[in-house]
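Protein sequence lines, in the order shown, are assigned to chains A and B.
Here the first sequence is numbered in our numbering, starting from 1 and rising by one per residue.
Here the second sequence is numbered in our numbering, starting from 1 and rising by one per residue.
Worth double-checking, as some hints may not be accurate.
Derived pair list, reagent style DSS-like, types lysine-lysine, alpha-carbon separation capped at 27 Å [what the hints assert, rightly or not]:
1) B:545 to A:545
2) B:263 to A:354
3) B:263 to A:476
4) A:623 to B:542
5) A:627 to B:473
6) A:102 to B:102
7) B:542 to A:627
8) A:623 to B:545
9) B:263 to A:623
10) A:542 to B:627
11) A:545 to A:473
12) B:354 to A:473
13) A:473 to A:542
14) B:476 to A:354
15) A:354 to B:473
16) B:542 to A:61
17) A:61 to B:545
18) B:354 to A:542
19) B:542 to A:354
20) A:545 to B:354
21) A:542 to B:623
22) A:385 to A:76
23) B:61 to B:593
Derived from the structure by calculation, the hints contain no laboratory data.
Small disclaimer: the values here were computed from a predicted structure and weren't measured.
There are 2 protein chains.
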Amino acid sequence: MESRSRSRSDNQTAEDDSRLSTTRRIQRLTLHLNPNPTPPESHQEQQQLLQRLSCGSSRVKLEVDKIQLSIYMRGKYRDIQDRVFEFFNSRPELQTPVEILKDEHRELCWRQLLGLVREAGVRPFRYVAEDPIKYFAIVEAAGSVDMSLGVKLGVQYSSGKKRNLLSLWGGSVLNLGTQKHKDKYYDGIDNLDYPGCFAMTELHHGSNVQGLQTVATFDPLTDEFIIDTPNDGAIKWWIGNAAVHGKFATVFAKLMLPTHNAKGVSDMGVHAFIVPIRDMKTHQTLPGIEIHDCGHKVGLNGVDNGALRFRAVRIPEIIFLIDLGMSPGMENTQIAVTIATRYSLLRQQFGPPKQPEVSILDYQSQQHKLMPMLASTYAFYFASKHLVEIYSEMKKTHDEQLVADVHALSAGLKSYVTSYTAKSLSVCREACGGHGYAAVNRFGSLRNDHDIFQTFEGDNTVLLQQVAADLLKQYKEKFQGGTLSVTWNYLRESMNTYLSQPNPVTARWEGEEHLRDPKFQLDAFRYRTSRLLQSVAVRLRKHSKTLGGFGAWNRCLNHLITLAESHIESVILVKFIEAVQNCPDPSSQAALKLVCDLYALNRIWNDIGTYRIVDYVAPNKAKAIHKLTEYLSFQVRNIAGELVDAFDLPDHVTRAPIAMKSEAYSHYTQYVGF
Amino acid sequence: MESRSRSRSDNQTAEDDSRLSTTRRIQRLTLHLNPNPTPPESHQEQQQLLQRLSCGSSRVKLEVDKIQLSIYMRGKYRDIQDRVFEFFNSRPELQTPVEILKDEHRELCWRQLLGLVREAGVRPFRYVAEDPIKYFAIVEAAGSVDMSLGVKLGVQYSSGKKRNLLSLWGGSVLNLGTQKHKDKYYDGIDNLDYPGCFAMTELHHGSNVQGLQTVATFDPLTDEFIIDTPNDGAIKWWIGNAAVHGKFATVFAKLMLPTHNAKGVSDMGVHAFIVPIRDMKTHQTLPGIEIHDCGHKVGLNGVDNGALRFRAVRIPEIIFLIDLGMSPGMENTQIAVTIATRYSLLRQQFGPPKQPEVSILDYQSQQHKLMPMLASTYAFYFASKHLVEIYSEMKKTHDEQLVADVHALSAGLKSYVTSYTAKSLSVCREACGGHGYAAVNRFGSLRNDHDIFQTFEGDNTVLLQQVAADLLKQYKEKFQGGTLSVTWNYLRESMNTYLSQPNPVTARWEGEEHLRDPKFQLDAFRYRTSRLLQSVAVRLRKHSKTLGGFGAWNRCLNHLITLAESHIESVILVKFIEAVQNCPDPSSQAALKLVCDLYALNRIWNDIGTYRIVDYVAPNKAKAIHKLTEYLSFQVRNIAGELVDAFDLPDHVTRAPIAMKSEAYSHYTQYVGF
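One chain only, chain A, in its complex shape:
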């Protein structure tokens, strides 16, 4: 804190300073002003000082073998990711500049995709079915180059799914079409001759597929379907690839069939139709189709979202709905956390009187902002890896239970992780102060591009309700003696144990060993989920009698969403604990254990109110959890450099000048022209 006491007298001194002689001015100024601070001490002294200042523990910093940790963290398909990174590193003209107009960005994004597919020979389409893990690794790497590119790629190739970003053109043909469709479209989709769109969302009806109003009337005379937009609210809106590049669209519409009743037609519900939208040669919009540009977006301006209206468009094709898919990758959080952590280690600010300034990551407040976030990034990485694995397994086995599991887990993880990431990207920006605000340091575009991932299927709120609904279904089955799915398995034991009151003895245990025991952590996470599940089931039953099913659900909506988040957190923790246990290298394992404990205890502390209301933890234990969380943040800060290095993101991927591994400041001054 600085002194503010000088200003008044200085100001009065200044009033008449122009009348004073030079010598008198110097004398007077000398009298009023502070002396020079003493010069900084040596680096070694500073280190000792820090050790003493920051958290005061006598324990030594954990030694981390960065290479080993990085090998454990690297996915199986890092090679193909490196091929993506290397291609763009070798083609600077294909890299997205900091400032670019919407129309130019779209053309560049299309050239990036063409380059990747036709020049670098990265062909994602085959992996959609053959090797989904590899496919997602490519999407992730493309998204690291420019998130617009990742989305554009996804629009073209991804798997069919109603409620998911990746539910798009290629995948809809591949998964939902007949063999005839596949023969006709496969090569063109693969080599980008047939760019296409996934036209589900309407202006009035985003998430509610059953509320869609576009109509496909079957004409028995010609064996065709006639697609119509009956009103403005039914205009297809936000359709990626539609404004500029798309040649085809998978259009969702109510199928109307001729019947013998009074109306003459019958609404058969929503189906998907393949509609050619532009001429293959001239690229002119086809007759009966009106396309407008949805315009400039907050981010992702490399993707050309359009709005489509149909007027008696006749087509022969129909395909059907299916409901599977994946959540987006974690690469962007890793990039943001890497930039914020490296900068916080580099940047110095204030310090003890007459001492050198300290790194801003030595401030407890900065550790509090960034270290639990770094821990969550690790946690999400393992959970996401698990999801990709079971998704891949599901594609091979078509096991029905696995399909349900993947659906609920992907909905929940996608929702939970994207909400968390959106907040984190803002915190990272803020943690880097003014330099975080320079566009070249990337937080702006990372945030603006990521933002919509929270909403791609309506709203994360909708997805979390699906998770809650699934949990309730499992809850009912439990009491009917049915089997529980793998992901939900823990509820079986939890429910029996936790319906009784919390144990008043363990509620007071506050030793570090106990708090860092995975058993305590898992129990705490699961207790909360089980309790929320049991209580919401009771409330739903009660309110259903007076409000009906929909009313009761709405009355309990916040409760249901909390339940879903709680469950997802349990799953994330389980996967993190497993990842720690499975790590073969002892130094990496110790580092991961530290990070995992921070993740678990920070989550418990963030929801300490819930635990206190039911006296699951006594006041002394709550305080011990808080204290240990701060201590673990400090411990993780000590290996923060190694932890972000283990993400293994080269400088030409992170790109932010303030996060360069060496000489960050000189990269930055060079960037602005000095």
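Since the structure of chain A is already known, use the hints to place chain B on it.
Coordinates of chain B only, in the frame set by chain A:
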């Protein structure tokens, strides 16, 4: 929730559908598919349904007199704000388009400012000293037109203050200069002939003024000061108005005076100097000065931030530091909340089976996102109004106690409100789904432009520490029998009452009347602050012995920041309660009381862990607070339309098509070209 059970059988049906005759296809499809839902019921039935569904209360909706509420909410200076709005409404060519390149945006922003000052005759400079409330009303209105314009205006005119956005060129001359300076510069600053900058921040040293390294060496032979940038880290960075338009800069540098000691000079600490940076006629950068553009930012690209290096630049002027200022206005939160609320009332999604869809604001989850935010927007409005009033009072009386009060309150409110606003803008965007992502609906630019307000003085963390430091000072004075400042006055009573244990009887009171009693609410807020203050004082004393002052402070940093936030929340609540009590119109008063209760109880619930750990509230009371908060959100939802109307923002100020008062959807379809 939709059915997902059909897809598998449909898909198999599709496999061979091309081989079937038309009639058989129709038959088979008819068998497999769902029938048409029944048509929607009447509007009246829907309303009754909603009443029953949403929160199930038998109480009727509060009738609000929008005009009266709006009159109470309008500031004293709405006339001059309307003049700003009308000027830009009449000059469409001066309105900022959705997509604009950085350089064009800067030129446009400068033309906007020139238009406002020279054409509309709005002359802010005189009000900086004469009538600060009016000055801030102008800044706020300009910021509503384009936040870049508000900042550009602030850079040119605002009051001198180290740690604040508004601490800039004009104000530094006005407040810190001698009469000679004022005579020389006043008119040119007022009429924009002399655009200028405030050059404090350096690349390595943002917030730490005492760490600045730019040097001003006094030359006794010529009676001049020689300004030098000794190294790259000392380059002045982020200087608004420097990259393009500025002719002068107030430069902060260490004053070096000749002495008789061995070094020959003595460092007299940091002072401010007026430095001409561009030629008045040619606009060429002057000799010895190197200026580069800081480049594209996440937002606020209408402001030309530059980086400056000085090489032996000789100047005759010196002025001095002072430390006062204001927090930014609330207009942008009002705009965002208005857009999100109007859209949520308009947009319909899902609904009970066979019933019409319901407005998304009828969902408990949407109420949970937006209604406490709407309540906070009201709360911040009254707190901010109070701050402007005491600031204005201070400028008239120069009362020292008031100066300290204004400083601490402005630092705290600015920090608290900008952090909250940044989060809220993201939530508003998300609450509007995909349409919130369309740039034309403004959340992107509101968020990106606002974002840096969290960091303008380093980091909000720094400001909150100033508040905490002030509280500790007051705490010490209390025990030494000294007087407490007005804002902190409550600590006197609080401390005596609250150092004892919470009352186990009132801890169980859970009646609505009790929970909505301002006395309970204030007690709860103040209890928390007093407790945090007392405990951090004890911790600081303990750790100081082993870690020294800086180390102890850092060890308690999170605690100190929580304390500062808690204090600011108390002040906000006090001002809100006063505003409710002072409202002359009964219907407006009832509406404000509802909103105030939601603000208070939502804050208590958000921090329920703290209250539970010390048993200030018993479990039954905690649950009652939660339930009442949900109920109040529902009640506020019922008057949400009137509450945002009372902000009295015309459509040409909110501008987002999805928030037009009527025909929002048709505004939107017209915008994209249908």
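Results of checking the hints against the structure:
For the given pair, residue 545 (chain B) sits about 64 Å from residue 545 (chain A) by alpha-carbon distance, which is inconsistent with the 27 Å threshold. At most 27 Å may separate the alpha-carbon atoms for a hinted pair to count; residue 263 (chain B) and residue 354 (chain A) meet this at roughly 19 Å. Restraint check: the Cα-Cα separation between residue 263 (chain B) and residue 476 (chain A) comes to about 83 Å, which exceeds 27 Å; the hinted pair is violated. For the hint linking residue 623 (chain A) to residue 542 (chain B), the alpha-carbon distance of about 17 Å falls within 27 Å, and the restraint holds.
Distance hint between residue 627 (chain A) and residue 473 (chain B) is fulfilled; the C-alpha atoms sit about 26 Å from each other, no more than 27 Å. Annotation: proposed proximity of residue 102 (chain A) to residue 102 (chain B) holds, straight-line Cα distance about 13 Å (limit 27 Å). A threshold of 27 Å between alpha carbons decides the hint, and for residue 542 (chain B) with residue 627 (chain A) the separation of about 16 Å falls inside it, so the pair holds. For a cut-off of 27 Å, the pair hint linking residue 623 (chain A) to residue 545 (chain B) stands: about 23 Å separates their Cα positions.
Taking the CA atoms of residue 263 (chain B) and residue 623 (chain A), the gap is near 54 Å; set against the 27 Å cutoff, the hint is violated. Restraint check for residue 542 (chain A) and residue 627 (chain B): the C-alpha separation of about 16 Å stays at or below 27 Å, so the hint holds. Only pairs whose Cα atoms come within 27 Å are accepted, and residue 545 (chain A) paired with residue 473 (chain A) is accepted, the gap being roughly 19 Å. Taking the CA atoms of residue 354 (chain B) and residue 473 (chain A), the gap is about 23 Å. The hint holds against a cut of 27 Å.
Using a Cα cut-off of 27 Å, the hinted pair residue 473 (chain A) and residue 542 (chain A) holds, with the two alpha carbons roughly 17 Å apart. Between residue 476 (chain B) and residue 354 (chain A) the CA atoms are separated by roughly 26 Å; this keeps the pair inside 27 Å, and the hint holds. Taking the CA atoms of residue 354 (chain A) and residue 473 (chain B), the gap is near 23 Å; set against the 27 Å cutoff, the hint holds. Among the hinted pairs, residue 542 (chain B) with residue 61 (chain A) is consistent with the structure: their alpha-carbon atoms are about 25 Å apart, no more than 27 Å.
A hinted pair counts as satisfied when its Cα atoms are at most 27 Å apart, and residue 61 (chain A) with residue 545 (chain B) qualifies at roughly 24 Å. This hinted pair checks out: residue 354 (chain B) and residue 542 (chain A) have alpha carbons roughly 22 Å apart, not beyond 27 Å. With a CA separation close to 22 Å, the supplied pair residue 542 (chain B) and residue 354 (chain A) stays within the 27 Å bound. For the proposed pair residue 545 (chain A) and residue 354 (chain B), the alpha carbon gap of about 18 Å is at most 27 Å, so the pair holds.
Between residue 542 (chain A) and residue 623 (chain B) the alpha-carbon distance is near 17 Å, which keeps this suggested pair within the 27 Å criterion. Restraint check for residue 385 (chain A) and residue 76 (chain A): the C-alpha separation of about 10 Å stays at or below 27 Å, so the hint holds. Of the supplied pair hints, the one linking residue 61 (chain B) and residue 593 (chain B) holds, its CA atoms being roughly 14 Å apart against a limit of 27 Å.
In this structure, the earlier hints numbered 1, 3 and 9 are contradicted, and the remaining ones agree with it.
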